[in-house]
Amino acid sequence: MPTAPQTTDELYQALQDNDRRPYGRTRTVTAESLAEAAELFAEPLPLVRALLELQEAYTYGSEPRKSPVVFARLLNLFDEQPDVFDEQLRHALFWRFKWVANALVALPEMPLPSLRQWLTEMRDRYEKAGLTLQPYYGQAYRLAAHTGEDTDLAFELWAGRTRTQLSDCEACEICERALYHLAADDDERALRVWQPVLDGQESCQEEPARSVSYALLPLLRTAGADRARELHLTGYRACRRNPSMSSEVGRHLEFCALTGNEARGLELLAENRNLFDDVDSPLDLLGFLTGVEVLLQRVELLGHGELPTPGYAGRTWTVSGLRAEVRDRADDLAARFDARNGTSTHTDRRRDRLGRAPLLATLELTLRSRTLDDVAPAAVPATTPAAAVAHTESPSELIVRARELDEQGHPDATACWARLRVLVADPRWIHPDDPALGPPARLQADLLDDEAGLEGEKDRFAEAIALYERAASLYDEAGAPGHAVLARACTRLPAVEISEEWADDADAKASALAHVHTDLVRLHEETPGLAPHLGARLLRLRATVLGIRFQTSRNDEHMAPVLAETDLLLAFATQHDIASQISGAHLLRANTHALAGDLSTATAEIDRLLDRLRANGPAWHLPRTLGLRGRIQLRRKDAEAAHADLTESLRLAADWPSLTAGPARLHADLAEASMRLGRPEEALRHLTRSAELDVRHGSRTDAFCTYSNAAQLSLDVGHVEDCIALLDSLLAEPDVAAGEMDDRLVAQLRLTRARALHAGEDLKAATAELAALAAESAGWDDDPGSHAMIAAETAVLLAESGEFDRAREAADQALAAHARSPRYEQLSSSLRELARLQAEQQGAEGLAGALALLADAGRVADEARAAGYEARGRSLDSALAYERGRVNAYAHEYEDALSSLDRALTLLGEPGPGKDEDTSEWAECVRLAALVEGTYLKRPAPALTRLKEAVSRLDALGHTENTERLAALAGRLRDLEPGPVPA
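When we follow the numbering used here, the leftmost residue of the sequence shown carries the number 929, and every step to the right adds one.
Accuracy of the hints is not assured; some may be wrong.
Unchecked claim - Okay, derived cross-link-like pairs now, DSBU-like style, lysine-lysine, Cα gap no bigger than 35 Å in a straight line:
#1 K1876 to K1866
#2 K994 to K1026
#3 K1026 to K1056
#4 K1437 to K1386
#5 K994 to K1692
#6 K1565 to K1386
#7 K1056 to K994
#8 K1026 to K1692
Unchecked claim - Derived Cβ-Cβ restraints for the label pairs, each shown as a range:
#9 Q1503 to E1576: 51 to 59 Å
#10 A1660 to A1087: 39 to 47 Å
#11 E1385 to P1662: 16 to 24 Å
Don't read these hints as lab results, they were simulated from the structure.
C-beta: ideal position from N, C-alpha, C; glycine also.
Taking the hints into account, I'd like the entire structure generated from these sequences.
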């Protein structure tokens, strides 16, 4: 806060502003400053209000030691100057006796007699004030439930009493009742009691998040796994990172541990690492740490105790190390509470939670289901059955086998090289003394060459080039010139890919690729005597470069050279019986015909290749070939055939686990086929699987792009919480948090998240996310259009929140960006919605601002018309006239409203065949015009005539679905019409 408030008005405004902040240190520190400032005013009322805000900050900021101190001051002020407290303040004061009772219970250093003394004070104060005692008995029951003694009697004394205005809210009391039955091991009765809260019928500051966290395990035990999954997603989001709800976070961690979601549990633990240090309530901390220990215990039991995990600040932690630390701290807290209470309740409850076995082997909680193996640090890639044999081979045998597989183009070569890479990295490694294997430099070159290929598959072209060049030098040193030539040849294509000279110039890139091909031909001619498998690879590289040139230029003249080079490869490979290159040549031919649009020839080529592969192999080329045919079937708009080919391809790919990149592409293609077949749920599964495979393969940018598509699809099909959970998981990734991921891709994820939050009715969080994104995108000088769109969406959300000044500022930013890069349709729509919201919420008072927004929308429509822009959705002009009618109607300017609606109808024109969308819009415009004319302007006769003609026209066109609302309005208007009603 820049300066302390100088007047009470400034103080009250500052208190109001602080009330909008989330609970936490920022809000608490501000509340402390405002309380100090309030001390300086002569009148006591500002201090009372400031202290109330401060106590609330302490209570919901999990600082129970400070809350009673503030309340003591408030109580003294009430005793000394009761007249300062009006009815509202008096209610707040007596309500907060309960806050203090809860705060004292949470402190193990507070003696039990002192807790009971406070409850006696509360009862005496309530009786003296003429208040009924149900709230007192509620606190007495909470103390009994905490100590574990006399709970049945305390429950009966509380639960049988009539609620009062000072009773806890319905949602909180429902939770206490349900917990009573839960403690008695009656899951079903507890869930019945909880139902109004879990269904959202009752809620408050803490509910339903608190109830949800307790209900998760009972739901699992009563066959409610799907409901538990749903509530976990919504409930966790409501309590994450919140110190005052750390116990709830702990129960969500426990839920993950007991449903086979240990990896998600560790992810959520990382997201809540602040709670290790921010929770000042010992009771809340005990609940959090016990949930953490349940999770860590399970992870350690599964053999992952050495996984890194976030924990207390100041050092790095492993799962095992943090578990030991958490166990000691939680045991100490439980012992302190039990010593204070004279029972073993908290130790027993901890033991029960830690002793629970998993309730489900696996429960898919999110779209990004991962295992502990997925989150473990990178290790040697999983080996295939064939490569696994190599683990029992001697190093010499392993080297020979790797080279043999590599010559064949066998996918298991990758696993063999990976195994050798680990062996060579061991300080004890000694290269086998076998002349047939060549010198150590040869093996080092082989390993670098394999690593370069892997980097190239991940589009890490600069890294690939460097590795190939090092491999070439080592091949020269080892006396393997043919391998050196091939390694150098492999640097040529990546060099084109990383150059920025032709980033936006296809012709220039095609020319560069032609030069690369010429260079490769020269290299080939200057290197006679290449081993057949090396010569075939060089020919394959030559053909591939020409294929990429054709793909880049789409110039028909570039097709024939590709086919000619492919024929050379096919002849050479056939002569030397190199099966993998024969197959590769056929694939290149099929791809080339597909690029040229000759899908029939491409399909025939593939069909011949499939026959050959099934008869002669290599079998590992079947998945790729079927995948290509599936993609061609998609282009032929035969989604059923594509789905069948892609599914079979994926099934066969499972036999070759070393084909790391292929399955990700297959899942992505299957997602497209599924969408075309109207199966969005299946598409969603394939998208997330594709993305996770890309993550494992190291292609994180591709993975995040696919995840972004999955998130949008999830939102489109109404899985809002799944969408949010997926995006939260992605945005929490270390490389995203560190700013290493592409900033525009991250921005797209955040934009989708904001839209999902809005769809999930979390307007505050959605607005905050969009406002932050709008501020960042303002600096995107290379993409002002995206900023225009983001700022416009931000403006709409601010308007929904009633912040019209900020909304106008955001709209002005959008207009300024739009001037540089037009977004006619999006901006017009947002401006119209802003106007509608302002008129709807402010009525006549907001009319001027709403009309100014519509004037801006009119200028956007004029610009679009001048630019020849055709709207993909509603006509900008007719939509503007319709919105002007609604805005004037909200402001009670009914003549202007009717005039605008009539103009909208003129612009829309008469409905006709093949204009279903326009017809629906026309019908709604007629309905609103008739409503204004008949109801508000008191002219039912012309309104009824309008409706009669519209219904007749719609019936003639067969649009009966649009006539029901018109007929219903006509019925209401007939009751208003004093004269003859039109037939």
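Each hint tested on the structure:
The straight-line distance between the Cα atoms of K1876 and K1866 is roughly 17 Å, inside the 35 Å bound, and the hint therefore holds. With a C-alpha separation of about 15 Å, the suggested pair K994 and K1026 falls inside the 35 Å cut-off, and the hint holds. Restraint check for K1026 and K1056: satisfied, since their Cα atoms lie roughly 17 Å apart, inside the 35 Å limit. Pair hint K1437 plus K1386 holds up; C-alpha atoms about 21 Å apart against a cutoff of 35 Å.
Restraint check for K994 and K1692: the C-alpha separation of about 28 Å stays at or below 35 Å, so the hint holds. Restraint check: the Cα-Cα separation between K1565 and K1386 comes to about 30 Å, which is no more than 35 Å; the hinted pair holds. Between the alpha carbons of K1056 and K994 the distance comes to roughly 26 Å, so the proposed pair stays at or under 35 Å and holds. With a CA separation close to 28 Å, the supplied pair K1026 and K1692 stays within the 35 Å bound.
Separated by about 32 Å at the C-beta atoms, Q1503 and E1576 break the suggested range of 51 to 59 Å. A beta carbon spacing of about 42 Å between A1660 and A1087 agrees with the range 39 to 47 Å that was offered as a hint. With their beta carbons about 23 Å apart, E1385 and P1662 fall inside the hinted range of 16 to 24 Å.
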